[in-house]
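Engineer: Sequence:
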Amino acid sequence: MNLQAKLIMSVLCVGALPWAQADQFEDFGRVLRVSPRVEQVNRPHQECREETVQVQQQQPRSAGGSIIGGIAGALIGNQVGRGNGRTAATAAGAIAGAVVGDRIDNDGANAVATQEQVVRQCRTVDQWEARTNGYDVTYDYRGRNYTTVMSADPGQRIRLRVSVEPLPQ
0 MNLQAKLIMS VLCVGALPWA QADQFEDFGR VLRVSPRVEQ VNRPHQECRE ETVQVQQQQP
60 RSAGGSIIGG IAGALIGNQV GRGNGRTAAT AAGAIAGAVV GDRIDNDGAN AVATQEQVVR
120 QCRTVDQWEA RTNGYDVTYD YRGRNYTTVM SADPGQRIRL RVSVEPLPQ
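Going by numbering that gives the first Met the number 0, the sequence shown opens with residue 0, and the numbers climb by one from there.
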């Protein structure tokens with residue numbers, strides 16, 4: 000290499016020196032204490048169970064007994080009376096037969112029937128969980144203590160980005 004090329008290379012290297020010096024670099028600090036940040040989180044869920052309950056139902060009334068009783072009473076009343084009394088006896092027999100037929104047919108209709116039915120009952124139950132959402136980290140760097148919050152436990156030492164800038168005069 001000739002002298003002129005060496006001189007040009009030297010000038011370029013000296014001129015690039017300010018750019019080669021970094022204003023940031025990486026270093027490590029010693030971890031002094033790590034404390035997890037724990038929060039309580041509610042995770043509610045449904046608990047259901049099935050149980051058998053007694054259900055009461057009113058028995059329905061029937062009209063069949065009244066109709067048959069009314070017809071039978073009218074026939075009997077028609078046989079008993081004579082003349083105009085026959086019409087009255089027929090009407091009275093129909094009414095009495097309807098009442099008797101209804102009572103016979105609907106004897107237990109006022110009673111309440113009990114039936115078993117399966118019922119599902121659900122309720123919401125709170126379930127609390129402890130969840131770690133970060134770590135408070137205290138570390139030492141060159142004799143001074145610093146604290147920061149990190150998403151993971153850094154272990155014995157912490158990687159640092161150190162920034163250097165001149166103080167104003």
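Calculated directly from the structure, the hints in this document are not laboratory data. Don't take each hint at face value.
What the hints assert, rightly or not - FRET-style restraints, in silico, Cβ to Cβ: (1) Arg60 x Glu115: 29 to 37 angstroms; (2) Pro35 x Asp139: 16 to 24 angstroms; (3) Glu46 x Gly142: 54 to 62 angstroms; (4) Tyr140 x Arg36: 15 to 23 angstroms; (5) Gly133 x Glu46: 29 to 37 angstroms; (6) Thr137 x Leu166: 40 to 48 angstroms; (7) Ser34 x Thr123: 30 to 38 angstroms; (8) Val37 x Gln168: 43 to 51 angstroms; (9) Ser150 x Val118: 17 to 25 angstroms; (10) Val118 x Pro43: 40 to 48 angstroms; (11) Gly133 x Gln53: 28 to 36 angstroms; (12) Gln78 x Thr113: 54 to 62 angstroms.
From the three backbone atoms N, C-alpha and C, an ideal C-beta is built for every residue, glycine too.
Engineer: Are there hints from earlier that the structure breaks, and if so, what are their numbers?
Structural biologist: Hints 1, 6, 9, 10, 11 and 12 are the ones this structure does not satisfy, whereas the remaining hints hold.
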